[in-house]
Structures are given as C-alpha cells and as structure tokens.
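Enquirer: Each chain, written out:
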Amino acid sequence: AQSVAQPEDQVNVAEGNPLTVKCTYSVSGNPYLFWYVQYPNRGLQFLLKYITGDNLVKGSYGFEAEFNKSQTSFHLKKPSALVSDSALYFCAVRGPGGYQKVTFGTGTKLQVIP
Amino acid sequence: EPEVTQTPSHQVTQMGQEVILRCVPISNHLYFYWYRQILGQKVEFLVSFYNNEISEKSEIFDDQFSVERPDGSNFTLKIRSTKLEDSAMYFCASSKAGGPRETQYFGPGTRLLVL
Chain A
-16 AQSVAQPEDQ
-6 VNVAEGNPLT
4 VKCTYSVSGN
14 PYLFWYVQYP
24 NRGLQFLLKY
34 ITGDNLVKGS
44 YGFEAEFNKS
54 QTSFHLKKPS
64 ALVSDSALYF
74 CAVRGPGGYQ
84 KVTFGTGTKL
94 QVIP
Chain B
2 EPEVTQTPSH
12 QVTQMGQEVI
22 LRCVPISNHL
32 YFYWYRQILG
42 QKVEFLVSFY
52 NNEISEKSEI
62 FDDQFSVERP
72 DGSNFTLKIR
82 STKLEDSAMY
92 FCASSKAGGP
102 RETQYFGPGT
112 RLLVL
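Residue numbers (my numbering), protein chains in the order written: chain A, -16 to 97; chain B, 2 to 116.
Derived from the structure by calculation, the hints contain no laboratory data.
Only a predicted model underlies this, so the values are computations on that prediction, with no experimental measurement involved.
Just to be clear, a hint being listed does not mean it is correct.
Among the chain A residues that face chain B by a calculated CB cut under 10 angstroms, a handful are [unchecked claim]:
id	residue
1	Asn13
2	Gln28
3	Phe50
Virtual Cβ for every residue (Gly too), placed ideally from N, Cα, C.
All chains, please: the whole structure from these sequences, using the hints.
Expert: What follows is the structure, given as structure tokens:
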C-alpha cells in the first residue's frame, strides 16, 4: 500500500521568507511524487512532480521540491514566500505498479503573513 | 491552457435521490478519474476509467456509484440513492495516459450536499 504523510496541519511564514512544506511517503518500489495546491473554493492545481533524475524538481509559481530517497521525503520549498501563496498544499504519490490512483496526504495549510 | 471542467459547481439533494455529476476532461486525454474530499478530510480516490471501462476502483466506489462516458466529451458520476455521508466535494481528473508518471489534471469540483 502507498501512503503519504504531511506532519504539519499549518505552516506560517512571513512574506519574503523561505518556506518549506514537509512530506514523507511510503511506497513499494520507485515512487512518483506530486504536489498540488488548492485555493479556497477551487480545484486542485498541479505544481510539480518527481519521476526520476535530478532530486531537485522545479515547478510552477517559483516552487521547487527536493526528493530524498534515504529519508523518503519530498519537501516543497520556495525561496521567498508571497501572500498569494497562502493556500492548502497536498503531497501525493503513485507507485510503480499498474495502479491508477493517486494517494494524497491530509494537506498543509500555508499562511503567508504580510 | 486546456482545463477539466465540471458541472454543476454546487448541488443540493435529498437523501435517497439520484444525482449525476458531470465532467468534461481535457480533450486529448484518455484516462478519467473521480475523487472526493469530505469536508476537512483528504482527497480520496474513487474510480479510474479507460476505453469505456472501469480500470480501478476503491472500496468507497460501491454499487451505488456508476460512471459513464455517454459521448465523446462528457464523463459522468452517478450516485443512485444518495446518503448523508455522500456529502463532499467531488473532483474529476484526466490524464493523457495511465502510467504512474502521468500527471492527473483536476477540475474545480462539484460540492454535493445531501440533506
């Protein structure tokens, strides 16, 4: 079975400061990892994914994520937070098998304080 | 940029009634999905659909649920006899292919309230 853990329900960061949203995963075999963002009353928007190769993945809106196999982590980062980054962030995983489903974490609410 | 669209955005129904949620996936995508998010909880997979067949479903997707691609553009989720616990946000998603590397793109969701 595959699973994702997001240990923080909420992360608060001052505007202009770097942000990190944490994610760890569990899957058999090589993982395929995703970050999605959900703004209020909106759907899930794809930010970035890790498939293979470089452990640092760059995505939309200046976000990046670092894959760490030994720590089974895929933390989302941004060098300088904007107030408009305030939203709910979901980490997700798919395993290497033929399963279609994406398994999501519980989400982390990011609050960027002006 | 092409998007997944869903209608209606909100639906209120009485317990025991049938509801049909509609989705228009991205036009060149071949795999379609439904997920749901009960308020305050995480997004849960319901079903995936390819080549006019269900390819995978979760334990949530019981006999009360069905999916259909009635024409070349729409993808629907039907709940035959709604229960209070079916109240949730329902997300449709689509992807070009079905492998684990593929990104699933999500629609804005339909908020279903069962009274």
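Enquirer: If a hint holds in the structure, say so; if it does not, say that too.
Expert: Here is how each hint holds up against the structure:
1. Asn13: Hint holds; Asn13 (chain A) Cβ to chain B Cβ min 9 angstroms, cut 10 angstroms.
2. Gln28: holds, 7 angstroms
3. Phe50: Where the cut-off is 10 angstroms and the nearest Cβ of chain B is about 14 angstroms from Phe50 (chain A), the hint is violated.
Hint check: a violation occurs at hint 3 only; the rest are consistent with the structure.
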